[in-house]
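Each chain, written out:
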Amino acid sequence: MRYVIAFARFWHDFLIGDRPELFVGPIVSLALVALVIQAGWSAVSGLVLFGLVVATGGLGLARELAAARAGTDR
Amino acid sequence: MSVVLFTVLSSFIASAVEFVEALTVVLAVGVTRQWRSTLAGAGAAIVVLTALIAILGLTIATFVPIELLRLVVGAVLIVFGLQWLTRAILRAAGARASRDEVANFGREVVALAKEPPVPATGMDWISFTVAFKGVLLEGLEVAFIVVTFGAAGGQLVPAIVGAGLAGIGVLGVGAAVRRPLARLPENQLKFGVGLMLVSFGTFWAGEAIGIAWPGSDLSILLLLAGYLAASLLAVRTVAAGLVRPAQLSQMQTRQEAN
Chain F
1 MRYVIAFARF WHDFLIGDRP ELFVGPIVSL ALVALVIQAG WSAVSGLVLF GLVVATGGLG
61 LARELAAARA GTDR
Chain S
1 MSVVLFTVLS SFIASAVEFV EALTVVLAVG VTRQWRSTLA GAGAAIVVLT ALIAILGLTI
61 ATFVPIELLR LVVGAVLIVF GLQWLTRAIL RAAGARASRD EVANFGREVV ALAKEPPVPA
121 TGMDWISFTV AFKGVLLEGL EVAFIVVTFG AAGGQLVPAI VGAGLAGIGV LGVGAAVRRP
181 LARLPENQLK FGVGLMLVSF GTFWAGEAIG IAWPGSDLSI LLLLAGYLAA SLLAVRTVAA
241 GLVRPAQLSQ MQTRQEAN
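The listed protein sequences derive, respectively, from chains F and S. FYI, in our numbering the residues of the first sequence are 1 to 74. FYI, in our numbering the residues of the second sequence are 1 to 258.
Some hints here could point you the wrong way.
Okay, the calculated bits of chain F under chain S, using three or more residues with CB under 8 Å as the criterion [what the hints assert, rightly or not]:
hint, stretch
1, 21-27
2, 34-48
3, 57-66
Over the 10 Å line for every Cβ pair with chain F, so calculated as not near, a few chain S residues [stated by the list, open to error]:
hint, residue
4, R107
5, A120
6, K133
Simulated from the structure, these hints should not be mistaken for laboratory data. These figures come from a predicted structure and were not determined experimentally. Even glycine gets a Cβ: it sits at the ideal position worked out from N, Cα and C.
Just chain S, with the same shape it has in the complex:
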């Protein structure tokens, strides 16, 4: 039961973060160009992602032996989770600039203003392509998490449900407010997802190489608590003085890569 809930929750939070980033692109294109083509592009990307999740998820779960799957997926989840977690730690410590959806929205609008005008009739392929690319690129991370979580834990349906609920929630709120969702605590969410990915990854990969975790699935909670404690300690250490103010400002001016 705990694994099902964790899978839904992890998939929901990770997907929500990525959907917020995709929503920023879709809103920017829709507002500045043409909604019909923008929504068509976003919809086409969602269809491609859904097909990708279904085909990859089922193929991997059916044909790859579970021990090998858990080893590979576990290792990849640790890698992926550490990437999310270390960036979230740096942001929480003030050593890295947080993602600003309003600023990103503004940059997209400025970039789109340089494109040729919207055609008077028919499809605006610029709107379609930009929206398609934005949703597909952000959604690939979602697809990756859903497929790995679903296949390794035998929880493909809960993972898809989590991602689907996140998509409906974010798109629903986005459609209602017609603004980038800047108030979402994006870094805290990424912090949480990073912790979950690393915890599940450690559990599955460890199980595959022969670790007999005490309490079986309950060990995931212990791992989660341990990684949370280590991460909070890292935030305090980084914030307390490993980095001098000049270096901090240098880091804060860097462009966000993710």
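Bound-form chain F, shown alone:
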């Protein structure tokens, strides 16, 4: 059990760490674009995905800067 927890913790730190928005953002973005395609707007789906990924990166930067402003290490 100890090894399972250590394994899970390793992957958590590796992929999520202290920046959960950069993990959740792309998954939510892909789900939203899948809905856009389902709704029949496939022509713009690539552009929407690009925009959502850029927005996720922007959110990550904003949170990093906000953490610095609050004096908390991330």
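Starting from the structure of chain F, add chain S where the hints point.
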């Protein structure tokens, strides 16, 4: 052809950055303790990483359906790429301290000086363990990128070739100069790798959920150009005044986590 070249290049640059960080640890241990045990530890880590890449890469490529693979790998590459890219943007804007290999080398040497002395005969297990751990931890990121790139794009061999060339190059230069490779433009390289990971990730994950990319593989270049433009804009925005000088200095004093 473009995908093969991109795969070799991405794997080469990402691996070179990680190998430079591993080299710093290996040099510090070798210089302060014993080269034979240090090289044995580093070699053992490379064997473990190679086995990991071969087993995981082949297993994933053989048994996981390509659409599912591209969705999962694409999403993970976006996540991973954004982590590299946002840190590189903050460093390029001066809002985060750059990694200093010479300082890291010094810290390793100081830490190793507190360890028990090297045994007069036989293997020095402290040298072996520190070198093994350092190379394995840095190499795991390389293995991760090689396996994901190789499996999702059907480009396992080019990905391995890129990583192998980087390893040979960095270790060769390191063996020749016997100093940490501080002059390497590490942040620019991380910036480039972040862009490539996010671009490939967007392309593959998008394809898996049903996006018909115009021009097929050529869309990767468009994505790359788009992400580059957005990133450069972010660097300018952050540097221009989103952060006040006091906050900048506060961020610059933070210890590098990666």
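Quick check: do three or more residues in the stretch 57-66 of chain F have a beta carbon closer than 8 Å to a beta carbon of chain S?
Coverage by chain S holds here, the residue count being 6 at a Cβ distance below 8 Å.
For the stretch 21-27 of chain F, do three or more residues have a beta carbon lying closer than 8 Å to a beta carbon of chain S?
Since three or more residues must qualify, the claim that chain S covers the stretch 21-27 of chain F holds, with 5 doing so at under 8 Å.
Does the claim that K133(S) lies off the interface hold, with its Cβ farther than 10 Å from every Cβ of chain F?
13 Å, holds
Tell me if chain S covers the stretch 34-48 of chain F under the three-residue, 8 Å CB rule, please?
Holds: 5 residues of the stretch 34-48 of chain F have a Cβ under 8 Å from chain S.
Nearest-CB test (10 Å) between chain F and A120(S)
Correct as stated: the minimum Cβ-Cβ distance to chain F is 36 Å, above 10 Å.
Is the Cβ of R107(S) farther than 10 Å from every Cβ of chain F?
Correct as stated: the minimum Cβ-Cβ distance to chain F is 18 Å, above 10 Å.
Checked against the numbered hints given earlier, the structure satisfies every one of them.
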